[in-house]
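Heads up, the sequence shown is in full-length UniProt numbering, so the first residue is 1 and it goes up one at a time.
Some clues are possibly wrong.
[Stated by the list, open to error] Once the Cα atoms are required to be at most 27 Å apart in a straight line, the calculated DSS-like pairs of lysine-lysine come out as:
#	residue 1	residue 2
1	K108	K89
2	K110	K86
3	K156	K123
4	K123	K110
5	K89	K110
No lab work stands behind these hints: they were computed from the structure.
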Amino acid sequence: MDPSSPQELVSAMEQLFSLGALDEEGLLTKLGKKMAEFSLDPPLSKMLLAIVDLGSSDEILAIIAMIQTENIFYRPRERQAQADRKRAKFFQPEGDHLTLLALYEAWKAKNFSGPWWAQDVKKQLLTIMDRLNFCCVQPSSTPDFRHKLGVVSAGKNFTKIQKAITAGFFFHAAMTDPQEGYRTLVENQFVYTHPSSALFQRQLDWCADPTKMSTHKRQEWIGPLYDRYHEPNS
Numbered sequence: 001m002d003p004s005s006p007q008e009l010v011s012a013m014e015q016l017f018s019l020g021a022l023d024e025e026g027l028l029t030k031l032g033k034k035m036a037e038f039s040l041d042p043p044l045s046k047m048l049l050a051i052v053d054l055g056s057s058d059e060i061l062a063i064i065a066m067i068q069t070e071n072i073f074y075r076p077r078e079r080q081a082q083a084d085r086k087r088a089k090f091f092q093p094e095g096d097h098l099t100l101l102a103l104y105e106a107w108k109a110k111n112f113s114g115p116w117w118a119q120d121v122k123k124q125l126l127t128i129m130d131r132l133n134f135c136c137v138q139p140s141s142t143p144d145f146r147h148k149l150g151v152v153s154a155g156k157n158f159t160k161i162q163k164a165i166t167a168g169f170f171f172h173a174a175m176t177d178p179q180e181g182y183r184t185l186v187e188n189q190f191v192y193t194h195p196s197s198a199l200f201q202r203q204l205d206w207c208a209d210p211t212k213m214s215t216h217k218r219q220e221w222i223g224p225l226y227d228r229y230h231e232p233n234s
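Can you build the whole structure from these sequences, using the hints too?
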């Protein structure tokens, strides 16, 4: 494995700072220490911690579990068009993260049939949340999880879910550019929506991480995060 370049290391540090995981001196914050409890990429850890305030733990747990599960979509070479059509049936107008949630809910409706690991990942994350005594979880009435704490559902309030995603992927937030697709807010780079994205055919004012998985954002969600990133002495 090749060592990271100085530019890559600086970018990684900036991302951790934007998430609130590092302070101005490059030291772990209390939030950063909590994020380190999870074996997740920093944006996913921040998403998970954001639910403490937003109260949508069930859905965010499911989305992260699906992201951590590889090869969700089976796309055989001889039937790619058919596979793409079936995948498109799950597309959600809010973006790819909500598409993963829709797919998880469909799998749940089938009594979790199949070899996916998503349910196990979700249980592991919930175990860590139990240990850290997150206040967003409540006494469980579902013995299947066998945890002392249960989870809170956001129901149809997708705004809570999207705000948690925004908190995690702020560093990759991008605004529309009239000539070049999107321009990232922090690093000022041109990026484009991935062809497999549920939002590929749409041009949004704001979105999260368009090169991988896109989620529709609103400017008012990004403003406080942007202000914190650019506050004095940052």
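The hints, checked one at a time:
{"no.": "1", "hint": "K108 to K89", "result": "17 Å, holds"}
{"no.": "2", "hint": "K110 to K86", "result": "16 Å, holds"}
{"no.": "3", "hint": "K156 to K123", "result": "22 Å, holds"}
{"no.": "4", "hint": "K123 to K110", "result": "18 Å, holds"}
{"no.": "5", "hint": "K89 to K110", "result": "16 Å, holds"}
Checked against the numbered hints given earlier, the structure satisfies every one of them.
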